[in-house]
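Protein chains in written order, with my numbering: chain F, 1 to 224; chain G, 1 to 105.
Hints are not guaranteed to be accurate.
Chain G regions said to be covered by chain F (calculated; three or more residues, Cβ under 8 Å) [to be verified]:
1. 15–27
2. 48–61
3. 64–70
4. 82–96
Once the Cα atoms are required to be at most 30 Å apart in a straight line, the calculated DSSO-like pairs of lysine-lysine come out as [what the hints assert, rightly or not]:
5. 14(F) with 117(F)
6. 17(G) with 14(F)
7. 17(G) with 187(F)
8. 117(F) with 17(G)
Hint data in this document are derived by calculation from the structure and do not stem from the laboratory. Even glycine gets a Cβ: it sits at the ideal position worked out from N, Cα and C.
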Amino acid sequence: MNSHTNPQAVEGWKGLAADWAGDREAFKVPWGKAMMWIFLLSDTFIFGSFLTGYMTVRISTTTAWPNPSEVFSLTINGTELPLLLIAIMTFVLITSSGTMAMAVMYGYRRDRATCTKLMIATAILGATFVSMQAFEWTKLIREGVRPWANPMGAPQFGSCFFMITGFHGLHVTAGVIYLLTVASRVKRGVYEKVGNYDIVEIAGLYWHFVDLVWVFIFALFYLW
Amino acid sequence: MESTAEHQEHPIGLYLKIWVLLFVLSTFSYLVDVFHFEGYLRWTLILILMALKAGFIVAIFMHLAWERLALICAILAPPLALMVLVWLMWIEADHTFFTRMLNFH
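Whenever a hint applies, use it, and build me the whole structure from the sequences.
Right, dumping it as structure tokens:
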């Protein structure tokens, strides 16, 4: 390489790092935020592929698809309420998204106490969601739903259900741990010292994404 | 404090409004099931409500509406490839279905 035309060029691994980290930023946001967006984009493809797979088996099966409205109904005091648990889960997750959005706002306002409280509230709502999902799984497994068969109809129902909601539940669980970790760091003043609350917004992006995926699962799997 | 690409700050009222809106939209989509809407009406309502909810979450809660166009395009354009996948698999699934009906029924 001609060092006269490009005096800053370094060779070898250092050069590779320098080239990739050079002052050529495309996205004028903190790097952590750009990376989170790119991660979420890859996650979009994972869930998108799951849902496309679900669509494919649902269209191509010649056996009747179990009616989600009946499968996920709850019987309270003898009345059968269709999709009740799923509706409650939806509201819980939306509420957690709301508290998270406010946590981000209070973080940027340097209100550590409120930010921590709102993040913990978000994590508690997330944990509630996962608990209800565990309840739902238990109920369905007791009724004989398996990834390869179920008493209600098309056997593909079970594999789609466990795969999609399981993967989403895993994301929620990871999110709860993530939020609690960041919340404890906010409380301890780690970000106050650096003077940078971007991490809260980045964690928020992940959390809203989990809510976003649920919007699609709720519409395409439970309501369709 | 500035509200530029560096920083996202918006009044709390906005978040509360979107929150209420998402509640209302979710209630509507739940009512689609409660009222036993069937066929194309059901599917259209489900998809519209889904798109609205997803749009508000991404635009307001995830602040994408205030990001620079470079980031918005980098995030929203690639998932269009998934639409191609959906289209292809739709055709494929229909084909599988008819083959099964012809030969295994």
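Right, here's what the structure says about each hint:
| no. | hint | in the structure |
| --- | --- | --- |
| 1 | 15–27 | holds (count 7) |
| 2 | 48–61 | holds (count 8) |
| 3 | 64–70 | holds (count 3) |
| 4 | 82–96 | holds (count 9) |
| 5 | 14(F) with 117(F) | violated (43 Å) |
| 6 | 17(G) with 14(F) | violated (50 Å) |
| 7 | 17(G) with 187(F) | holds (28 Å) |
| 8 | 117(F) with 17(G) | holds (21 Å) |
In summary, the numbered hints that this structure violates are 5 and 6.
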